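Asker: Here's the letter readout for the chains.
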Amino acid sequence: MDMGHRHLILGYAATLLIHLVYLSYVAVKWRAAKRAER
Amino acid sequence: MARSGQILAYGVVLMEVMGGGEGDDPESGDEAAHGEDPSADGTVVRGQRGGFAYAENLAAKADGHEHDAEGEGYPGQHVTFVPYRGYEWEEEIGQNQRERGTQQARPRFRRKGEGMKLWRWLWLLVTLGVLAEGFRVALFVVPTDAAQGDVQRIFYYHIPSWAGMGLFFAINLVCSLLYLAVKNRNQVLALKADALAVASAEIGVVFCLIGLVTGSLWGRAVWGIWWTWDARLTSTLVLWLIYVAYLLLRRFAAGPQMRTLAAVMAIFGYLDVPLVYFSTRWWRTQHPAPVFGGAPGSGIDPSMMPAVWWNLAGWVMWGIFVASLRYVSEYRAQKAEQDEALRLLDVEPAGVAGAGR
Chain A
0 MDMGHRHLIL
10 GYAATLLIHL
20 VYLSYVAVKW
30 RAAKRAER
Chain B
0 MARSGQILAY
10 GVVLMEVMGG
20 GEGDDPESGD
30 EAAHGEDPSA
40 DGTVVRGQRG
50 GFAYAENLAA
60 KADGHEHDAE
70 GEGYPGQHVT
80 FVPYRGYEWE
90 EEIGQNQRER
100 GTQQARPRFR
110 RKGEGMKLWR
120 WLWLLVTLGV
130 LAEGFRVALF
140 VVPTDAAQGD
150 VQRIFYYHIP
160 SWAGMGLFFA
170 INLVCSLLYL
180 AVKNRNQVLA
190 LKADALAVAS
200 AEIGVVFCLI
210 GLVTGSLWGR
220 AVWGIWWTWD
230 ARLTSTLVLW
240 LIYVAYLLLR
250 RFAAGPQMRT
260 LAAVMAIFGY
270 LDVPLVYFST
280 RWWRTQHPAP
290 VFGGAPGSGI
300 DPSMMPAVWW
310 NLAGWVMWGI
320 FVASLRYVSE
330 YRAQKAEQDE
340 ALRLLDVEPA
350 GVAGAGR
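The listed protein sequences derive, respectively, from chains A and B.
Each residue of the first sequence is one higher than the one before, starting from 0 at the first, in numbering that gives the first Met the number 0.
Each residue of the second sequence is one higher than the one before, starting from 0 at the first, in numbering that gives the first Met the number 0.
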């Protein structure tokens, strides 16, 4: 695998990872808001 | 008369409480389960403290006299009233809802709440489908770039990140302006604008970070370096730092002026967006010249455009989905915070509040 392919895959992985981390944060906030509401 | 005034007031409040304000809440169906059925057949009404207080306050006004601390709710039911003298904006809500009529409000809202949840799931499904198709087209369908090889395909998720960033920072700007414009006139709208400003800033920061990371990966493969301090990269990094500072301000600043400060900061922060956009036009940069809207002859081969459109649509839809979740949770948190503040104001005896001063 050359550098181009490696970086292409790394880019996809980084994109998904960052979005998933943020989605986790959103889920935590969602739950906290529901708890606070109750 | 007293009883009818009380029932009317309960209807007003329950529309607000169950409806999550304006029907934006996707979990409204769940919320409806928090309290018991407030129908006129005498069911106990429980749940939102502020709601009770408000209902009781309206009822007292309708009756033309002050309320008791406790009393009878619907026929045969005993409820505890919290003395409440509400803010003007809550009075506005009540007035609007009284004008609209509340008899049909709750059933209509329940259906709407369920629809919103379904709508959100459908949106997620379509988004994932579009993203999957974008992935397939970008990697396996469109031709390989003759000069750069396969690493050029980073472009198909690099560009959508910048598009998402531009979109959500623009939404943040509009919401910040709206917040400043209406904060003294319409508190509900101001809080909604503020919640959307937070949500859009966060997802904008996420997209900006992805753009920086994927651009750096591309630069390492094509230029041989991870980073260079040219105008485009530097102005983009500054933009990311500005919005991170905006979020940190919101996170750590306290007091009623926080939202105003954040809105003002967002307006000034957005000034960097056109700077980023025009940086490759105004200055000579190592960053490639604009692909879209650049000089004559710029652009990519039309056979590559499907990958651009699919990924652009997919990532923007994803951003809208996540931002909508974040908006709802932020708005809920704000409402809960206000309810709590109002409750503390209401139940604290005057003697205690003044004690020790």
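These are calculated hints, taken from the structure and not from any lab test.
Incorrect hints may appear among the rest.
Taking lysine-lysine pairs in the DSS-like style, the calculated list, with each CA pair at most 30 Å apart, reads [claimed, not checked]: (1) K33/A with K182/B; (2) K182/B with K28/A; (3) K28/A with K116/B; (4) K116/B with K33/A.
Stretch by stretch, here's where chain A covers chain B in the computed footprint (C-beta under 8 Å, at least three residues) [as the list claims (entries may be wrong)]: (5) 144–153; (6) 206–212; (7) 217–229; (8) 322–332.
All values derive from a computational prediction rather than experimental measurement.
Beta carbons are placed, not taken as given, at the ideal position from N, Cα and C, and that holds for glycine.
Asker: Against each hint, give a clear statement of whether it holds in the structure.
Answerer: Outcome of the hint check:
no.: 1; hint: K33/A with K182/B; in the structure: 25 Å, holds
no.: 2; hint: K182/B with K28/A; in the structure: 24 Å, holds
no.: 3; hint: K28/A with K116/B; in the structure: 18 Å, holds
no.: 4; hint: K116/B with K33/A; in the structure: 15 Å, holds
no.: 5; hint: 144–153; in the structure: holds (count 6)
no.: 6; hint: 206–212; in the structure: holds (count 3)
no.: 7; hint: 217–229; in the structure: holds (count 3)
no.: 8; hint: 322–332; in the structure: holds (count 7)
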